[in-house]
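Chains as they are written, first to last, in the numbering used here: chain A, 1 to 282; chain B, 1 to 219.
Bear in mind the hints are in silico, worked out from the structure with no lab data behind them.
From the structure, some residues in chain A lie toward chain B, with a derived Cβ separation under 7 Å:
# : residue
1 : N63
2 : V73
3 : R116
4 : Q154
5 : C237
6 : S239
7 : R282
Each residue gets a CB set at the ideal place from its N, CA and C atoms; glycine is no exception.
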Amino acid sequence: MFQKPFLPRHLLFVGRALRAGVRSAVLVGLGLALAGCDALNPAFVEVMLPAERIPSQVQAADNPRGHVPIFFVSNARFDGALLQYMAAQGLDVSDANLRPRVRVQANVEFSDGSARVMEFLDGAQISQSATVVEGEAEVAVIPPDLNRPSLNNQVTQCDVVSVLVAPNAIEVYIPVFWGEFEQVDIQDVGIEIRLRELYPPQFYVLQLDEVDARGDTVTLRNIGVRDAAGPILDLTCGSVVLYSLEGTLQMSFVSGFPGYFTENEAAIAAFPGRFAVKTQVR
Amino acid sequence: MLRIRACLTVVLLAASAGWTSGCGENAYILNRSFVNYTQGGVFPLAPGQSSGFNLIRLVNLTDNPVQFIVTVERFVVAQEGEEETTQVETQTYQLDTFPNGLTNEVGLLVNCGSIRIGLGENLNFPQDEPGLYVGVSAGTDEIIAGFGVPARVNPLDARAGNYGCGDTLIFQAARQDGVPGNIAVKSYVLPAASQPTEYSGPDTFNNARSLLNRVGGGS
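With the rest of the complex left out, here is chain A:
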């Protein structure tokens, strides 16, 4: 039968005191070691210590698992004729890298079921402010998104389940006034061109081509169905997503003024140019 060895009472007391001391020293040492490496979660520390006693080096924000940066870059160009017209209207087109202003919305879904919309802006901040038509001055209303700095990226925390840029979520800024014209046959005078509607500079939603059941293009609009932004699914944490808009902002001219005839359905459908979205994930 096991018997506890007999020890004098004062030795037992010394032993207990030694054990308690060693235990405290280990705990304090561990605490100091962790605090030196920013290892302690501030939320945990705040629970354990009053705010005024938290050492500054322990304070830190909680970190996510990783990040997924999402970029949208406007790589589209202005058509040469449009650039010349803009220069004639007094717009500064001296930047050789001038790109149309583009506004895009992307839907981002996360692994916890939450979702959000992210809006991106990129491209030049130029706009015609006024024009004179038939002796009357028309003034443009400049949208706030034109004057904001480019926001060509946003960074989400992991994990991202999907990123989707909807077909109607890409808008390009048309920086000049343009018109809808009609041809009127006037007796004894001939055909006269009249301005039917004047549009101020504005963001314009790009449209996908219309296709039939077999996938053949019926109406050519701004973006081909194969050039649209596809959905990105099951992203690995730490990936980078980049969308870029390629193409040309192009306008036809009627009597030297940007616009189209109302009866020219093809020109209306294809207004204001042809674009493609390139999607890359790395």
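Assemble the complex: chain A is given as a structure, and chain B must be docked to it using the hints.
For chain B alone, coordinates are given in the frame of chain A:
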């Protein structure tokens, strides 16, 4: 008695190990960067100097949608007549966060070379200038319209050594009673130097720089 104490100790140790290594979203003893560091690095949490970026993280720990007004200042050389002068250019971004799950945070990558980064359109008045707008309802499609409150946190200044190229800057809004708007902001810096140099996962920010260089986009 000794056996019972030993069993209890083992159970407590196992429970605490599970608690810390479970790595959920919040309320764990160990900080993720520490775990990441001790396990050799999986994903970068700071861009690093080689990427040429600073990451600005905006974290919303409140129960409201919050729009952060982030201003980045940098020196630019301007031509005034025949003289070149150095001026401070400011760029202000409006970034939305929501109280739901992983939408409570958003980040922004800016090129290195900034001199100050903070909240509010005018960084000289952090006590007065609205640094965030607090909305009253959450939703993915809703535009945040709320009341502005000053961040009451000084901008981080690169010249004062607050941050360097490649660091992550964090502005965290949390509920605090007794201050205007009941929201207080704290700022933190996660230095790139504190992070591992190699990662087993994707090298996020260097990949981002390389992609941007290929398509010709700035940031």
